[in-house]
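Protein chains in written order, with this note's numbering: chain A, 1 to 398; chain B, 1001 to 1100.
A couple of the hints might just be wrong.
Unchecked claim - Straight-line C-alpha distance at most 20 Å; calculated EDC-like pairs for lysine to aspartate or glutamate:
#, chain 1, residue 1, chain 2, residue 2
1, A, K363, A, D253
2, A, K49, B, E1043
3, B, K1039, A, D43
4, A, K53, A, E72
5, A, K64, B, D1046
6, A, K20, B, E1043
7, A, K355, A, E366
8, A, K16, B, D1055
9, A, K286, A, E130
10, B, K1071, A, D35
11, A, K20, B, D1046
12, A, K64, A, D38
13, A, K7, A, E44
14, A, K138, A, D120
15, A, K16, B, E1043
16, B, K1039, A, D198
17, A, K49, B, D1046
18, A, K382, A, E340
19, B, K1031, A, D38
20, B, K1071, A, D38
21, B, K1071, A, D51
22, A, K386, A, E167
23, A, K20, B, D1048
24, A, K138, A, D311
25, B, K1031, B, D1010
What the hints assert, rightly or not - Computed spacing ranges between beta-carbons, pair by pair:
#, chain 1, residue 1, chain 2, residue 2, range
26, A, N32, B, G1064, 26 to 32 Å
27, A, K276, B, K1031, 50 to 56 Å
28, B, K1031, A, R75, 50 to 56 Å
29, A, R87, B, K1031, 30 to 36 Å
30, B, D1021, A, D309, 41 to 47 Å
31, B, G1064, A, F8, 22 to 28 Å
32, B, D1046, A, E333, 29 to 35 Å
Since the hints were derived computationally from the structure, they do not count as laboratory data. It should be emphasised that the depicted structure is a prediction, and the values quoted were computed from it without experimental measurement. Idealized CB from N, CA, C, for every residue including glycine.
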Amino acid sequence: MLKKIFKFVIGYVIIKVTGKNRERFINMCLYNGLDIYDVSPIDEGLVFKTDKKSFIAMRRLVRKSGVRLRIEGKRGLRYVLYRYRHRWGFAVSGLLVCIFFLLLPQYILCIEIDGTYSADRAEIEKVLREHGVYIGAKKSGIDDLGEIKNAVIYGVDGINWAWLYDEGARMRLRVQESVPAPPVRDKTVPTDIIASHDGWITRADIYRGEGFVHPGMAVSAGDLLVSGRVAVYPEGEPEDYLYVHSDAVIKADTIRKETGVFGSKEELRIKTGNTKHRVAFELFGKRLDMFLRLDCGFGAYDTTEHIYDLDTPLGYSGISCVVYDVDEVNVTERELEEKEVLDRAREQLEERICKSLGTGAVKEREELHFTRNNDIYTVELKMYLKENIGIEVPMKQE
Amino acid sequence: MRRFSEFLADSMGVPKDTVMDLPRVSVCGDKEIFVENHKGLCEYTDTDIRFKMRDGIVHITGSGLRIIIMKYNSMVINGTFIRVEYEKYGRNSRNVKKNL
Chain A
1 MLKKIFKFVI GYVIIKVTGK NRERFINMCL YNGLDIYDVS PIDEGLVFKT DKKSFIAMRR
61 LVRKSGVRLR IEGKRGLRYV LYRYRHRWGF AVSGLLVCIF FLLLPQYILC IEIDGTYSAD
121 RAEIEKVLRE HGVYIGAKKS GIDDLGEIKN AVIYGVDGIN WAWLYDEGAR MRLRVQESVP
181 APPVRDKTVP TDIIASHDGW ITRADIYRGE GFVHPGMAVS AGDLLVSGRV AVYPEGEPED
241 YLYVHSDAVI KADTIRKETG VFGSKEELRI KTGNTKHRVA FELFGKRLDM FLRLDCGFGA
301 YDTTEHIYDL DTPLGYSGIS CVVYDVDEVN VTERELEEKE VLDRAREQLE ERICKSLGTG
361 AVKEREELHF TRNNDIYTVE LKMYLKENIG IEVPMKQE
Chain B
1001 MRRFSEFLAD SMGVPKDTVM DLPRVSVCGD KEIFVENHKG LCEYTDTDIR FKMRDGIVHI
1061 TGSGLRIIIM KYNSMVINGT FIRVEYEKYG RNSRNVKKNL
């Protein structure tokens, strides 16, 4: 590849040799040390490439061997430059473009902050600005990247670590947010344990507090299971109570139900093969669409976005090209079989139930009931579980 | 002289192509041939290339043959090769055929 580039820069001549002794001519060229390459046969003779100097030296060999030479073409930078030697506008505009692309990465033209979910972006941007990182800032004026990174880590709440990348005209800050530790339960606060859900108690291990449940008992949601108010007086003595932080594991058999309505048709989007492309440019963080309508006149369509960054040897230039592949689709509906509908319904309803469960719940079995009205299925999922239904609530002070 | 150079190459363990001026033909599959110590081109078409060596001719047949690099004593040929033949000069010449 490098050799090809070198040859293009130097320039080469494509020559056609015709005549009886063309092989002899080639041999004479080689004997005289002339550089020829890419020799290929054609109908009437041979075609090869050589440089200008060798071509001039070939003239005397032509007379000796009795062949005819014909220049088929001239390729290379020197010939291109020679052709456009009077067109100064090309050279000047080319030079300006080069200067433009060399200058762009010297400035911050866009700032990307990745990984923020709960952290305050405005606060991060403020910290960056304090250290000279803002859109339009000259990169020579900003602080050391390590220093900025530390400022973000220590100056913004909820950030565990940060990485700051200098990518030419783009500054990219990636942050790792810290996950807060679960709050430590204050075991000095008196609490009761109540039932989170209806169920039949199968096991009650009470470690602290006064129990009001026993295995085999049915409870409703909100019922008091364990009280933090423990009586500590003998019969006949004045009432005295000890208030404790209740601690117990209350296992119960519960039933969870979820109902949903599901259609029996599925939408299919099949590509017709008609694809059009729409182009937009991102100039220094601002989107510039090169089209009026994205739909390309298609009734239904899907789009795929591809972003191509224009990088210079010094980094990102601040210019990106965004290409949208707009595919026309035929939207059709497919009739689902009953089994397919119920499988999908079961999956969704199970997910909904599982979201409402606490830790340590075990599924025993489940039942699925449905009614069908034309194309509409009303599905009820009943899940039989063994779970810990006791939840701590602050005790009401009397 | 020839016998002496052969003897020298055998006894000293020197490659024969350097001492005896023999051609060295390196074949890479059926796609590329690298030839050293050739003495000039005899025939060059799309399907046949014949080049001289010290005491014979090497004949390469195939399709889409193309000389990519050509120097005074070496060349690189691309294409799809079928056969490389070695034709010796002289009355009692014998052909050594190498089917690819």
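Hint check results:
A threshold of 20 Å between alpha carbons decides the hint, and for K363/A with D253/A the separation of about 10 Å falls inside it, so the pair holds. With a CA separation close to 19 Å, the supplied pair K49/A and E1043/B stays within the 20 Å bound. Only pairs whose Cα atoms come within 20 Å are accepted, and K1039/B paired with D43/A is rejected, the gap being roughly 25 Å. With a C-alpha separation of about 16 Å, the suggested pair K53/A and E72/A falls inside the 20 Å cut-off, and the hint holds.
For the hint pairing K64/A with D1046/B, the CA-to-CA distance comes to about 26 Å; that exceeds 20 Å, so the pair is violated. Distance hint between K20/A and E1043/B is fulfilled; the C-alpha atoms sit about 11 Å from each other, no more than 20 Å. At most 20 Å may separate the alpha-carbon atoms for a hinted pair to count; K355/A and E366/A meet this at roughly 16 Å. For the given pair, K16/A sits about 31 Å from D1055/B by alpha-carbon distance, which is inconsistent with the 20 Å threshold.
Under the criterion of a C-alpha separation no larger than 20 Å, the hint pairing K286/A with E130/A is inconsistent with the structure, at around 23 Å. The straight-line distance between the Cα atoms of K1071/B and D35/A is roughly 7 Å, inside the 20 Å bound, and the hint therefore holds. Between K20/A and D1046/B, the direct Cα distance comes to roughly 17 Å. Compliance with the 20 Å bound is thereby established for this hinted pair. At roughly 23 Å between alpha-carbon atoms, K64/A and D38/A are farther apart than 20 Å, so this suggested pair is violated.
At most 20 Å may separate the alpha-carbon atoms for a hinted pair to count; K7/A and E44/A exceed this at roughly 27 Å. Under the criterion of a C-alpha separation no larger than 20 Å, the hint pairing K138/A with D120/A is inconsistent with the structure, at around 25 Å. A threshold of 20 Å between alpha carbons decides the hint, and for K16/A with E1043/B the separation of about 16 Å falls inside it, so the pair holds. Using a Cα cut-off of 20 Å, the hinted pair K1039/B and D198/A is violated, with the two alpha carbons roughly 101 Å apart.
At roughly 17 Å between alpha-carbon atoms, K49/A and D1046/B fall within 20 Å of each other, so this suggested pair holds. Only pairs whose Cα atoms come within 20 Å are accepted, and K382/A paired with E340/A is accepted, the gap being roughly 19 Å. A C-alpha spacing of about 16 Å is found between K1031/B and D38/A, which places the hinted pair at or below 20 Å, so the restraint holds. A threshold of 20 Å between alpha carbons decides the hint, and for K1071/B with D38/A the separation of about 11 Å falls inside it, so the pair holds.
Between K1071/B and D51/A the alpha-carbon distance is near 14 Å, which keeps this suggested pair within the 20 Å criterion. A C-alpha spacing of about 55 Å is found between K386/A and E167/A, which places the hinted pair above 20 Å, so the restraint is violated. A distance of roughly 17 Å separates the Cα atoms of K20/A and D1048/B; the hinted pair therefore holds under the 20 Å criterion. A distance of roughly 18 Å separates the Cα atoms of K138/A and D311/A; the hinted pair therefore holds under the 20 Å criterion.
Note on K1031/B and D1010/B: the hinted pairing is violated, with a Cα-Cα distance of about 32 Å set against a maximum of 20 Å. For the hinted restraint 26 to 32 Å between N32/A and G1064/B, the CB-CB distance of approximately 29 Å keeps it satisfied. A beta carbon spacing of about 41 Å between K276/A and K1031/B contradicts the range 50 to 56 Å that was offered as a hint. Hint check: K1031/B to R75/A, Cβ distance near 26 Å, so the stated range 50 to 56 Å is violated.
R87/A and K1031/B have their C-beta atoms about 44 Å apart, which leaves the hinted 30 to 36 Å range violated. Our hint of 41 to 47 Å for D1021/B and D309/A is violated, since their Cβ atoms are close to 58 Å apart. At about 25 Å, the CB distance of G1064/B to F8/A agrees with the hint of 22 to 28 Å. Between D1046/B and E333/A, the C-beta spacing of about 59 Å breaks the proposed range 29 to 35 Å.
Hint violations for this structure: numbers 3, 5, 8, 9, 12, 13, 14, 16, 22, 25, 27, 28, 29, 30 and 32, all remaining hints satisfied.
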